[in-house]
Amino acid sequence: MHLTSFTKTVMKAASRTAPVPAALRFALLGFGWLLAPVAGATPLGLLPTPKQLEVTGGTMPLTPRSRIVATDPSLEPVETLLAGEIERIAGLNLQTANGGGGAGDIVLKLNPQLRADEDILAVQRQKIGPTRDFAHAITVSDRAVVEGWDYRAVCEGTATLLQALGGQQGQLQLPRMKVKDWPHADYTGVMVDVARQRIPLDAVKAVVEACRLWKIRYCQLHLTDDEGFTFPSKAFPKLGTKNVAMHNGTIPEVYNLAELRDLVAFADARGVTLVPELETPGHSGAMCRSMPEVFAGPKVMNIINDEMYKALDTLIGEMCEVFKSSPYFHLGGDENYLYELEELPATAEYLKQHGLKNVNDVVMQHVKRMNDSIRKRGKLTLAWEGTPMDSPAMKDQVVLMAWIPWPTAEEHQKQGFATITVPWDLGVPLPEWNPSICNGCRLPPTSRILGAAQTMWHMSASALVGDFLGGDVEGSSCEGYLRSLADRTERTWGPKTGIQADEFQKRTTTARALLDKLVLPVRIETKDPTAMSWPVLGRKRFRDAVEIRLSAASPAGGEIRYTTDGTEPTSASPVYSRPFTAAESTAVHAALFNQGQQVGHISRDCFELIESGGMIENWLAAGPYSVEGKKATELFDVAFEPEQDGKVAWRPYRGGVVKFGDIPGFAGSQRVAYLRTQVWSPKAQPARLSVASDDGVKVFLNGKLVHGANLIRPAFTPDVLNVSLAQGWNLLLLKVTNGDEGWEAWVKLQDVDGNKLEKVRFKAE
Numbered sequence: 102m103h104l105t106s107f108t109k110t111v112m113k114a115a116s117r118t119a120p121v122p123a124a125l126r127f128a129l130l131g132f133g134w135l136l137a138p139v140a141g142a143t144p145l146g147l148l149p150t151p152k153q154l155e156v157t158g159g160t161m162p163l164t165p166r167s168r169i170v171a172t173d174p175s176l177e178p179v180e181t182l183l184a185g186e187i188e189r190i191a192g193l194n195l196q197t198a199n200g201g202g203g204a205g206d207i208v209l210k211l212n213p214q215l216r217a218d219e220d221i222l223a224v225q226r227q228k229i230g231p232t233r234d235f236a237h238a239i240t241v242s243d244r245a246v247v248e249g250w251d252y253r254a255v256c257e258g259t260a261t262l263l264q265a266l267g268g269q270q271g272q273l274q275l276p277r278m279k280v281k282d283w284p285h286a287d288y289t290g291v292m293v294d295v296a297r298q299r300i301p302l303d304a305v306k307a308v309v310e311a312c313r314l315w316k317i318r319y320c321q322l323h324l325t326d327d328e329g330f331t332f333p334s335k336a337f338p339k340l341g342t343k344n345v346a347m348h349n350g351t352i353p354e355v356y357n358l359a360e361l362r363d364l365v366a367f368a369d370a371r372g373v374t375l376v377p378e379l380e381t382p383g384h385s386g387a388m389c390r391s392m393p394e395v396f397a398g399p400k401v402m403n404i405i406n407d408e409m410y411k412a413l414d415t416l417i418g419e420m421c422e423v424f425k426s427s428p429y430f431h432l433g434g435d436e437n438y439l440y441e442l443e444e445l446p447a448t449a450e451y452l453k454q455h456g457l458k459n460v461n462d463v464v465m466q467h468v469k470r471m472n473d474s475i476r477k478r479g480k481l482t483l484a485w486e487g488t489p490m491d492s493p494a495m496k497d498q499v500v501l502m503a504w505i506p507w508p509t510a511e512e513h514q515k516q517g518f519a520t521i522t523v524p525w526d527l528g529v530p531l532p533e534w535n536p537s538i539c540n541g542c543r544l545p546p547t548s549r550i551l552g553a554a555q556t557m558w559h560m561s562a563s564a565l566v567g568d569f570l571g572g573d574v575e576g577s578s579c580e581g582y583l584r585s586l587a588d589r590t591e592r593t594w595g596p597k598t599g600i601q602a603d604e605f606q607k608r609t610t611t612a613r614a615l616l617d618k619l620v621l622p623v624r625i626e627t628k629d630p631t632a633m634s635w636p637v638l639g640r641k642r643f644r645d646a647v648e649i650r651l652s653a654a655s656p657a658g659g660e661i662r663y664t665t666d667g668t669e670p671t672s673a674s675p676v677y678s679r680p681f682t683a684a685e686s687t688a689v690h691a692a693l694f695n696q697g698q699q700v701g702h703i704s705r706d707c708f709e710l711i712e713s714g715g716m717i718e719n720w721l722a723a724g725p726y727s728v729e730g731k732k733a734t735e736l737f738d739v740a741f742e743p744e745q746d747g748k749v750a751w752r753p754y755r756g757g758v759v760k761f762g763d764i765p766g767f768a769g770s771q772r773v774a775y776l777r778t779q780v781w782s783p784k785a786q787p788a789r790l791s792v793a794s795d796d797g798v799k800v801f802l803n804g805k806l807v808h809g810a811n812l813i814r815p816a817f818t819p820d821v822l823n824v825s826l827a828q829g830w831n832l833l834l835l836k837v838t839n840g841d842e843g844w845e846a847w848v849k850l851q852d853v854d855g856n857k858l859e860k861v862r863f864k865a866e
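Residue numbers (the numbering used here): 102 to 866.
The set of hints was computed from the structure by calculation and includes no laboratory data.
These figures come from a predicted structure and were not determined experimentally.
Hints may contain errors.
Below, computed lysine-lysine pairings styled on DSSO-like, alpha-carbon distance capped at 27 Å [to be verified]:
no.	residue 1	residue 2
1	760	748
2	279	343
3	748	805
4	864	748
5	228	496
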């Protein structure tokens, strides 16, 4: 990606984070957290591991006389960027210059003749094929020279330099070394869901900074979904006026057009390309609510309305004009619920008029029309797997992102499609994982795998940047999603790289510490233990009160300013001086400021006062139960032991939302599980049960079936039923089925008006 045409714009974007005063130079004594050799293939603790690395011995000091020198004017943005980053993490203010560079300098060069040592599957000029482009090389002797095939390759080389920085006895230095590196495939990526809950652009910029640090080349923005439409369309200003939020979060807002353009320039300056996604024809509820006359159809867009495609073409054009640097455009394409559309008389007439066999043909026609609009703007189409494809020509025009935990990627590869692996079920421990072994697939090395991408569905802004949990929940690593990206990029950048688990853990810990210094310098912690919400919510739950402490994980100095009302902190916000107490649900946003300028990005956390609202949190769980050859909808009416008062191995589960996949031994498809609890009522009285399930559910109260729903669905909207509680203990039993993917349930017990039911108790017996 050559950036000469917009050098001035990205230079401005590169300098958005203010440097710290020169007086803070060498503030971090003993800065050698990356210089100590470790076992394995990465003696400098670099992540991802370079393809070629030779440590030649000795160091090159960086002093106040050292400079960062751009040998080509188009490299001035990354030159400015690197100077600011070194100052933020080490306090050394290096001057920038043009020319050839000398001893003690960091020299940046373009070298279009630099070639990778192996083929890289990539998209260039809308064509998928092998290339030897994209390589970068580093030589550190008496000077540090970083050269790259293009601007982004130079950015990737400087990210390695940042990780290799060390210091002994207060002196900043680089190890003398030779590096040659390149991506295994073009698409190392991440997806940020900005359409379900509000994600401020500052949080998106923090993701971009993490992408730069760990050589994640693409950041996909999921701009539209059932909940929200966030792209600022001039042609259709009504879009985004009917947004709602998922998980009772903050409603997503339409971004400001100028700020969105600034975000693109900000990412381009860091060698990260933003990829827009317009989710169609399903997951389009926000568009259909705000402009039903154009887009609304049953469960999906009105794809039997040919006039709608003029509007979609206009929208694609608007988005492509903003995201100019992206070679890709994502059309969505997943989870299309077509059964209501199939039943419309108008659909039968449309099929007859257009010579189509069925509704799937209409969806394929939709994909072809979308692809035509995308290709005429010079971009290649991305789509979620499951998007209907029947034309042999489409295999070279559409890349499918494979996320379903089932070997469907193998079928797409056999059909000739290139795929991007989206981890939902790793299938093996992370150190062994790679894009060929994932989601139940084991693809041969010859497969057309364009790379891999980490999705960050549903999350709040605080979950994106602020959570501190481990593990995986529904395919989304949740240690403050942003920090977890370090783990996944290693095996996407270099699938052949061997990993030693202990050494790899040390490297990821170091990588996250660097991220904090560079991107999120303020840490938000609590003195009192708190329970964690579902990780995508990014909330820490407490009862009564919680003490909150802020600290700076940066040598840059300055003062922490914070807010507790959900607004963004500014240089005029209160200065943090001592721990404070929250006695009600509170969103804490904090940032480091130096001389009135924000350093890095905003750290976010949300502390939620536990008010159950009738949510039942004490359960016994049993299962899983299955019958070979039967699907979940068929298992719905099979009475297993818990329904027969048979011998059952119950195990306790604490939590309002029961995640069956988190219970050891439960995870899997086409099966059922049971939940049991007892409800004590001081008197015989009517009550309201709200039951949400993914997928189907049967509800038994005191041995009597009171509700059944044999469906395949997410657990978002509960079934509401009126029941009668007997005086004393009442036995509540749930049977929950699972087809594929998510598997969960939750229950609220309230009075008939939806208010608190007084003096009711629960016990898991």
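Tested hints:
1. 760 x 748: 23 Å, holds
2. 279 x 343: The hint is violated at about 55 Å.
3. 748 x 805: With Cα atoms ~19 Å apart, residue 748 and residue 805 stay inside 27 Å; holds.
4. 864 x 748: It holds: about 20 Å lies between the C-alpha atoms, which stays within 27 Å.
5. 228 x 496: Since the Cα atoms of residue 228 and residue 496 sit roughly 11 Å apart, the hinted pair holds (cutoff 27 Å).
The earlier numbered hint that this structure contradicts is number 2, and it is the only one.
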